[in-house]
Structures are given as structure tokens and as C-alpha cells.
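> Okay, here's what each chain looks like letter by letter:
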Amino acid sequence: MSNRLDSAATPLLTVDAVGKEFFGNRVLEEVNFSLYAGEILGLVGENGAGKSTLMNILFGMPVISQTGGYDGRILIEGEEVRFSSPFDAIDAGIGMVHQEFSLLPGFTATENILLNRESTKYNPLVEVFGDRIKTLDRRDMRRRADEAISILGFSIDPEALGAEMPVGHKQFTEIAREIDRKSTKLLVLDEPTAVLAESEAEILIKSLRGLAERGISMIFISHRLQEVIDLCDEIIILRDGRVVKETKPAETSIFQVASLMVGRNVEAVSTERRLMEETETILDVQNLWVDMPGETVRDVTFSVRKGEIFGVGGLAGQGKLGIANGIMGLFPAGGNVTVKGEPLRLNDPALSLSRDMAFVAEDRRGVGLLLDEPIDWNIAFTAMQVQDKFVRKILGGLIKWRDDAAMREVALDYINRLEIRCTGHRQRAVELSGGNQQKVCLAKAFVVGPEILFVSEPTRGIDIGAKRLVLDTIRQVNEDTGATVIVTSSELEELRSVCDRIAIVDSGRISGVRDASRPAEEFGVLMLGESPSLVPAAATIGGETF
Amino acid sequence: MTPPVKNDSAVHKFTGTENVKHFLISNSVPIIFIALSAIAIPISGFSAGYLIQEMLTRLARNSFLVLSLLIPIMAGMGLNFGMVLGAMAGQIGLIFVTDWAVVGIPGMVLAALISMPIAAFLGFICGSVLNKAKGREMVTSYILGFFINGIYQFVVLYTMGIRGLHIPITNPQLVLSRGFGIRNAINLTGIRRALDNALPLTHNFGHFTISIPLGTYVTIAAFCFFIVWFRRTKLGQDMRAIGQDMAVAGSAGIAVERTRVIAIVISTVLAAFGQIIFLQNIGTMNTYNSHEQTGMFSIAALLIGGATVSRASITNVFVGVTLFHMMFVVSPTAGKELIGQAQLGEYFRVFVSYGIIAVALVLHAWKRLQERERARRGLRGE
Amino acid sequence: MSAAPNLGMRRLLIRVALVAALVAISFVMYDIGKERNVLLDNKSASIDGVEYEALVGVSIIVDGGKKTGVRPDARIAHKMVGRTHTIRLEISEGGKSIERTVRLTMNMKSWMISLPALAGGARDIYIPRPAAAQPLPPPSPSGEPETPALGDDGPGESLMGI
Amino acid sequence: MSGKFEKFISDFGWPRIIIALFLLLLFASTPFVGVKLDTSISDTLVRVGMNGVLVLAMVPMVQSGCGLNFGLPLGIIAGLLGAVTSIQVATSFDALYQVISSGGSVGVFASALSSVLQSGARGLALFGIALAIALPCAAILGFLYAQILNRVKGEEMMIATYVGFSSVAVMCMAWLLLPFNSPVMVWGYGGSGLRTTISTEGFWRHILSDFGSIDFGNFYFPTGMFIFFAIMVCIVWAFFRTKTGTAMTAAGSNPEFARASGIDVNKMRTISVMLSTVLGAVGILVYEQSFGFIQLYMGPLYMAFPAVAAILLGGASVNKATMANVIVGTFLFQGILTMTPSVINSILKSDMSEVIRIIVSNGMILYALTRKTRVKR
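Chains R, H, A and U, in that order, are what the protein sequence lines are. The numbering of the first sequence is this note's numbering, which starts it at 1 and goes up by one. The numbering of the second sequence is this note's numbering, which starts it at 1 and goes up by one. The numbering of the third sequence is this note's numbering, which starts it at 1 and goes up by one. The numbering of the fourth sequence is this note's numbering, which starts it at 1 and goes up by one.
If we strip away everything but chain R, and leave its shape as in the complex, we get (with noise of 0.2 angstroms):
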């Protein structure tokens, strides 16, 4: 099926030691691989291994040349390509199709597959007023649809609205929208199979089988592992931004493949495994739902001990994030949850904080700052709006006077002792690093004292010094206060490295609870949603028998 053997064809793409720093924090580094026409690359890696980095450099994207360009060469068909923008990249072939829908939903299959490319009419006017005043040949651009949609393979209605289209189709229809445009020689696709059911994406798979026999050569990114081995002739896996290993799919297997994307050597640093005696649960959640946009909760059910720091991992989109933000009251969720026994109302933000509950957010600058306010207003404001901390009664309690002294002292004394770096306690938030932000939010929520801290991303866009910091402080609050922790991250090492036992969460549900000293393989298979009965009975994986 590739045409790889017949070595005088130049390849369509080269990727030549392509790198990419954002900051200093090196996200890309030394990638080889060339694809030839008609085949099909697998690219598959954890969460910030640097997919969608390559792509916007492959895409020209304008986020990649504002923070200083990339280091390597990418050749189409032999010479040097440099894109400046996505146009650039879609005049010399290559189809981007994106995870969130690029569809207009009052326009039909038709005028969406030639969304700016419609076949037009010439009339006089085009002479005054440019060639833009041509009108629409409705016909020919309904020939067109049916073509791009028969070379697909899937039958979508040329006529149905886009909104109206259940989302099988939409898929189908950006697809269209790249076969269409004839120059299209690379069609890239980022997790197009990831809202299909079952049986669309063995519809999709089989199409851009057929596309491949055309002669479209494809960049297929996608978690379900079986349907990289089904489709591609070459899977490439990345690991922290480099190529750790490039197979075909007779060579390897789904085991191996999670493997080699999640195992990564665990950094020293990780403390000795402290043993927690059995206490009593201090959060229990029975069969929780949260309808969270994008991070769907449907069945999850768990318990935290007291004092422990508890881990939740799993990929992005499968719904870790909503456990947080559910119990927390942020979004709408049901089931039952209780907290030191007493059962817990959800959908009440104030009624969560006032159970001595506080929580980091993932979404610092949307959900976690006032950006437009110092730092002495974002460290105790909770604190001053739950507990009434920080306010002065006057007229017995009629008027809450806000204690500035209170704040600024407050603020002084997290400034030291998180070694948050600003100007001072007036510093708007919207000035500091990303670092020193996440900083300003853990005090947030330490100033509240509370027994259950849930925490968020904790390092998601931090450089490197400061992860270790924010780590560290975490594991430090739990030790001192003994409160609870629970850390969402999609960082599996920071996990391992901090938490005592990690659950992971695969499309809402929790596939599995293991002691955070478990290898890093066993989550792997969790993660993947892969049933554990693929784990073989003595396989070896990278050195360590099971």
C-alpha cells in the first residue's frame, strides 16, 4: 500500500530536526521523520508531548513565528518550505482538519465544503466592482459536493444544515471541505474519531483508507490506539517533544505502544513512598455526573482518606477536570457526595467553599485571578468573601469595612513564604509570571484553611524551577495542616512524584485506583481505556518484568 520501498520517489514531506522553545521551556526537539505520498503517519504521545506544537509549525500557524519561529527545515516534495501563515500552508497542499468544528451553522453541507471557494458566474458588473460580484452557479457548486462527499465514501446530505447535522456528519463534512480543494496533496487530522461513535469511525477509518489510495498522503493523531495500528503505515510515538520511537504497525502492539508513550523514567527526586495508615474517609462520592463542557463526568464514583494526597490523571477530555469543578459546585453535576460524613448539596459554589473546601482552578487567568486587581485582593478575597475574614464590623456586624491592613499583611506574608517575586503586595496580578500566578492562587486557597484542597493543573505553562516549587509547597501544606489534597493533572510523573494513591478517569468514569508506586505502565493501560486483560501475562516491558 506505501509506496516507501521504491526509494527514487522523493518523499511529499520531510521533517528535518525540527525544535521549538516557548520561553525557554523546550517543547520540540530534533524530530525526524518523511512521509510519502498515499501513506498514512500515525503520530501519537501523552498530553503535551508536543503534537499540536509540530502541527502549527507544519500549518504555519502565526502562534509559532510571533514567539520566535522553529529551528530544523520541513521540505514538501523535496525543497525547503517556510510558512508564514495557514494560507501559505493551504496553497502548497496541506488540509487541516481541527478537533472543535469549523462549520457555519446556517449554511448547508454544500456551501460549507466550499466555504470561500464557491464556483461563481461572470457577469459585467465584475469589470466596476472586482470579482467578488459574481454570482453563485448554485448547480455547479452541488457537483462538486457530491464528488468530494462520493470520494469520501460516507453519504451526507449536500442539503443539511450544518447545525442540524448530528456530529458524525460535520466530521465528514470538514473532510469534504479538504478533498474539495483540489491542490490538497497532506491532509492533517487531529483527533477526528474523538466525538465519532463506534461505527462512524470505522466509516471515517475506511474513507481515508480510500483517500490514501488516491494518492493524499495523511497525519492521523488520535488516543485510540487501535485505530493507528488499523489505519496507518507508520506510527511515530512522542515523548517530552522528542521522536522516541518510529515503527510500522506488524512491528509493535497496543501495549507497547502506551508503554512507550506514558514510561518515562521517574525523576530522582521523588521522596521516599511514605506509608498512610488506613484513616478514616473524609470524602466519599458515589456515582457523580458533571456537565462540564468538553470534560464530561458520567459515572464516577471514589474516596479520599484524610491527610492523603490524592491524585487524579487520566487524558485530556475524558472528564478528570469535572470531578473538581462538580463537587466544587462550578458546573451543573448530580449523585451523592459527602464530606466528614455529612452529605454535600452540589450546585452551590458558596455552600462548598463555606465545608472548609477550596480549590485551585485549572483555568488560572479565566477562573483563578483578578487579573485588574493587586495581589493583596486576589490572596484574600475568598477567605474575606466566605469567612469574613479580613473585615472590620462596625454597627455590629450591619457594615463589613474591608481591613486593608489585614490584607496587606496577609499578602506580605505569602509573598515570603511562597518566594512569590513582585514589586509588592499592590502589584496587579496581570503583571506577574505564570509562575508566580499559580503561586498567588495556592495562597488563595491556603488562606482559607481548608481540610480538602483540590487543585487543578497545578503546573500546566510553568517553567521548569517553579513546577518543583508549587509541588513542594503542595506536599508542605499537607504535611503542616494536614489537609486533604486532591491534585487533577495530566502530567502522570507529577502525579507519581506527589500523590499517595492516583485514580485515573477514561471518558467519565474511573478505569482504576493504584498506589502511586505502581509502574507508570500500569496507568498507561488505564489511561487508554484499553481492558487490562490486553496486559499479557509476563510481558517485559522496557526492562521491567511484571
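I should point out that these hints are in silico values taken from the structure, not numbers from a laboratory. A quick note: this is a predicted structure, and the numbers were derived from the prediction, not measured. Ideal Cβ placement from N, Cα and C applies to all residues, glycine included. Check before you lean on any hint, since a few could be wrong.
Said to hold, decoys possible - Partial list, computed: chain R residues near chain U (C-beta under 7 angstroms):
hint, residue
1, Phe22
2, Arg26
3, Pro349
4, Val367
5, Leu370
6, Thr382
7, Gln385
8, Val391
9, Ile394
10, Gly397
Position chains H, A and U against the provided structure of chain R, taking the given hints into account.
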């Protein structure tokens, strides 16, 4: 080649009752106004002939202006409160034409030709300002209307007519007694009803005769064809795309900002022509007031016709103008009959004009909030 | 819209031509639509040395309009739109009638047509309009406020008139 | 030194500096154009006092993220209702006083009130009554207005404008129908429905302005009104230093943050709208006691725009406003409003000032609307 697989999930068809319910909801506003007029007409005691004649003249007078609102709505820029700019340009054209005493249809065409570059320029300014205030187009165009009105008054009230200055207005009836600045009330004798009487058609139904301003209706029909044709051009399609989702249109390579400016320029120029047709029907122009009301009454009329901030059709225009002006004619007398206060009817119709816009804006914003809610839930694949 | 260079040039020419056409149209419109208040004078006048007597019992029809009598030494004003017009003189006694087409030029400043000269077939029938006797302005609508009615604070008060 | 100067410029903002210099120029040029400096200063101060509270009414809604309150006429209507009712009360109790003095017996409360109304404290009592009626009306109207605004987040300003306009139109009908019969207010011939402008002479005219006013030569300083304005500013300033005030500021600055900290964002917005409407009611009463007339019917229609322009001129943005913005903005805006007619007209011999006012005030609002509201880095 793998044979195309017939997919099973047929798209959900609307059942009968749902269709009727949908129709009622989306046209709730016109239905209310039909009911309102049905009550008010008998009370007001106007004869059928008078009402029909009144409606015909007012339809001719206002339709062009209301139609000029369609294009910005199609491009997703909401109700173009900045159409006042076009009205001002039209009035400047009329001032020159009256000064030069050019009469009849040639006078109107000349006024239109003079106002076209002015309206295009003002439309360009309005478009670029709106591009800076994305998401807040309507309030910005509203305030821009006042701002440009200030400049318009500066130009018309203080520069026109001064001997030395570049804008020579010699006709004494136009200039204020103090030697410069244009009078507030100008008599457009030259082009009064020029277009209306271009193709005079009177028809008598038994006991009353109706004169139909055919010339204007032909112009309006031409404008409707232009809109229908324009919707089928590539530019029209681009505007529809931008109206739906600017980000998606932009990523497909459509020049979003440029297209939005073009939409506003077209709408402003057409508003200028509309104002000329409007004033030739009325016969007199008050230089400093008549353009202010045009924006608000046209938008109120369009909304009464069942249009919304994001979707408007030609039928909405005609239904809206008829219902709005029916209410406008009938309510003062109905008010007098009911409570003996003609003034009450006057204020009632002002309330209805403002009220309908407020209601339409609230409904639009509320529905959009809910759609975003439902879309988010839909995305989760419930 | 990446038009090839020559296509661009062609388009540019067409657009310039269009703008020129628009300007031309506006001039034509001005020309056709210009309304002039022409005075028809029935006093004895001497043009180029030739003496023309005032006509007695004459009535005029302009462009087939209605007939109006002009007494000798009297003068009537008539609105004329556009350039060319036909003036028909009918003298009651003697039944003589003369018809003549008159072309008003664009930039004629002040013109008054001397009927006797017209009747006498003179070549130049225009005599300077007496500066003093400006035609009285058409009655301006009564009661319009001298200075514009600007609301105290708001940009405009009147809401009723549409 | 220059660093500090730059900081002052960037804080104060270029538009404000340009207009401040323009205003200074106007004041400086008064002697040359035959305009008396002291009268113009006192005119400006009077107008600052008159409009101050109306501009202050903008702050709560801007802070809570509801945007500029183009629906101010709603508050103004409540104020007018209070003003008109207070005059009605005065007339009926005066009539009652005639009855008492001619020996008729009347309830204790009624006679006490009517006697108070005859005494020196008549003005203050009536102003008090006007406030007492206006505030609850404003609170109720504000509450209903808030329910609408909470359903249309993101498009508040345009909807506020037209809710304000339609409520003014409704009140026009109400003025015709409400059963007021005090001869001072009712149309002469018809006998039903209120006049368009009603003089507050003999009721509470200049009640605040004349209190301890300094008046020598033709310089008049309405100390009472400024004290009242200062009190209102302190109240609002204090409110924003309380716990609820802080929560409201957070709700405006980042609603998601506020929600995550257990704040009911909608409740905060409702409080801010009610506060804004109440301040609007108080503001119009202050305005009318100094202006001397109550303007009904279409009077309040465009009253929101000068207040919005003033606070923006003071440096407020669409989601942040401070007391300094109110004071600086009112002074600058009213300064221009009073100075341009006298100075410019005498220079150019024409009434150009009206046009300049329209251009400056709407220009300011446009400038603010086209500013990106992303967080200033």
C-alpha cells in the same frame, strides 16, 4: 472504490404541531401588532379608503429606507443605527439640488449622485469604527450617529452659505437671515412628489379613489431585485458567512474586516437614496431633525415585521412598514376616542416604537444566550 | 482577486470611465432639470439699433402650456425647466401668430426675453434683467423657526413628525 | 522626575489632558472676550453640583460589569415621581391648613405636618418627602430593570438605552393620567395631566444650594449642594469598601472568579443596578432643586448621555470607574458645557457651542466604546 455507505440516522423532521408552534413564536411580534391594529382601527373610525391610501403612500415613503437595513443584518452587524449617516448625506445632496433649483426626476438623480460619495465616505468611517468595537456594533453605531450629527450640524449650520467659503449656497430661501447656515425647514418644491407622480396611476373603487405612486414602487421593486440578486453573489455569500461565524469565515480566507466595511458602505449609500425618496414624498425637509427619526422608525418598523437582529427578510420589511404605520396613523385618534386625550395616542406610538426595539433586542440577546447554552450542551454529545 | 496586470489595467480604465460617466450624468441632469424663472417683457425695446414697439393684445403659450395675455409695458414671469422651449405669440387683432424656439444657455446670468423683439424676428431677443426687480421669493412656509430648534441637552426634541 | 511625569500622563490619559488644557484656555481667555471670570466659574461650579450625583449614578453598574447605564432615565423617572408627588402633598396640606386655621378639626398627624409645612423648614420637609417617595420607586424600578439586564449579559448597553426610552414614553402617558390636581402643576384649561415644566418656586427651590451659600458680587457658591454631593460620594466610596462592594467589583472585573469564590454574580448585578437607579433618582432631585424647574414628558429622554460622557471623560473604562473619575469627569465636562457658549460665541459671534458639546460628549463615548476591554498588560 468503497461504495458510499447509506447512513441510517435520518435528520429529525418537524412534526405538524411543532411547525405551527415554531411559526407562532418566530412571528409573535407581527401577530401582536395585527391584533393591536384590529382593535384600534374601528375605534379610530377611519374610513377604509383613507387608510388604504395612507398605507400606500407611507409604504412608498419608507420601504426603501427599511430595506437598506437588510444587508448589515445579513453580515451579522445587527441593526445599523448608523443609517442616520446615510440620511444626512442624502439631505446634503438635497440642499445642493434645491439651491441650484434643479427640479423633477433629474433633480432627484442629481441629489442621489451628490450624496453617493458622501454616504460612501461616511459608511467607510462607520464600518472601520464598528470593526474596532466588535460585539458592541449597535450601541457604537448609535453613538456614532450622534457624533456625526454634531459634525453635520457644524458643516450645515456654520459653513454652508458663507460667501467666501467653498460651499456656495446662493439661494436666499435656504440661508438663515444671519447670512450663513441652512434653515431648518426647507421647501423641496422642485422635487416634491417627483418620483411618486412619475407614473401616475389612480384607480377608483366605487366610492373612493386611490392614487398609487407607481414610480416609487418601481424603484422599490428594483431595490428588492438587487437584494435578491446580491444574496446570490459571492460577496453576499461571504457576508452571510461572516454573519454566522467571523472566526470560521476568517480561517477560510474571507477578508472579514473589509467585507464588513463594504456591507456598511452599501447600507449607508442606500439609506441616502432612501432618505431622498422619503423627503420627496413629504415635500419639506427639516435639516436638523428629519434624519434623526429615520433610523429609529425604520428599525422599529423592520422589527415589527418579525425580523430579528440576526435574520431579516424582504417580507419582514413590507409587513413591518404597514403594521408600524397603521399603528402610527391610528393610535392618536384611537387614544382620543378612548380617553379623550389625543396627546395620549401620540405618546403611545412613541412608546410602541421604543418598546418594540427594546423587546426585540432583549429577545435576541436572550435567545442567543440560550443557543450558546444549548450549543455547549450539544457539543458534549448529549 | 489576483488579477493579471493587464486585467487590472483594463479594470482600472473601466472604473475611471464609470466615474467619468457618473459625473457626466450629473451634468446632464443639471442641464435637463435646471428650472429658471424667465421674465417675458412686453415693453418697447431697442436691440442692436433696431426699435421694437410693445405689442398690443398679445397672449403667450409656452411649450403648449396655457395661454396668458400680456398687456403692453407689462411683464410676466414663467418657470422654464431645461434648455429648449417654444414660445408662441398670438396677437388678438389680425390673428397673427409667431412661434419660435428659444435656447437658454447654461451659464446665462440674467435674462429677460423681450416679446416685441421676438415678434419682430430679431436675432438676439435677450435683454439684461433689471437688477432691482428681483422676482419676489416664493412664499416660504409660515411660522418656521428662524434658528434651528435644537433641544437644550438632547440632540433633537421633536419626535412626532415623520 | 520624568518617569513620574510619564506615569501621571499614562494614568491621566491623553484625552483628558487635551480637554483639561482646552478648558484652562477657555478660563484664561474669559477676560479678553468680555466674559466675567467669576460668573463663569460660579456657573461651572453650580452645574458640577447639579450633575455630580447623576454622574455618580454611573459607578455602581460600571463596577459590577453591567456597562455604562444608558438606562439612567429609569432612575430619573422615579425622582420625578417623587418631586411631583411632594408638590401635590404640599398643595393638599396647604389647603388642609386653611381648614385647620378656620377651626375645622383634623387628624393629629395631618395638622402637625401642615403646620410644619408653613414653618421655615417647609422646603427641607418637602425635599425629604420627595426623596422618601423617589427612593422606594427607584429601588423597585431598579430591581425590575436588573432582571432584564441579567438575562442579556454582553448586550446590556443597547437594551438599557431602549428600556430607558420606552419607560420615559410610558411615563409621558402616566403624567397625563395620574390624578394630580395641584393648580401649580396641572394644565390651565384641560385640568387633567401635568404641565411639561413645573416650577419648584415656593416648594424646595434651591433648598440645598442656598444652604450656607457664599454669595458676594456675582460669585455664587452653592455650598449646600456640594456638601450633599460630597456626602453621596462618600457613601458610594464607603459602599465599595465594604464586603459586598468588594464582591461587586470582583463580579465586574472577572465574573468567573467571583462565581468560583461563592458570589452570586446576578445578585451583585441586581444590587448595583438598584443602587445606580436610586442614585439617578437622587441626582435628578438635586439637579431640579438647583435648576428650579421639573422637566416632565420627554425631558429626561437624553439625560443619560451627558452623564455617561462625563464619567468617561473622567477616565473611567467600560468596566472600571472610581470616585476620582466622577469628580474629574463632571468638572471637565460641565466646565466645557458652560464655558464654550460664552467664550466661543463671543469670539465667533455664533452659537457654535451646542455643536461642540455634541461632538465632544459623543466623541468621548465613542472613544471609550472602541477601546479594547482586554486587561491592560
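> Now tell me, hint by hint, if it's right for this structure.
Hint check:
no. : hint   : verdict
1   : Phe22  : violated, 18 angstroms
2   : Arg26  : violated, 25 angstroms
3   : Pro349 : holds, 5 angstroms
4   : Val367 : holds, 4 angstroms
5   : Leu370 : holds, 5 angstroms
6   : Thr382 : holds, 4 angstroms
7   : Gln385 : holds, 5 angstroms
8   : Val391 : holds, 5 angstroms
9   : Ile394 : violated, 9 angstroms
10  : Gly397 : violated, 10 angstroms
In the structure shown, a violation is registered for the earlier hints numbered 1, 2, 9, 10, in ascending order.
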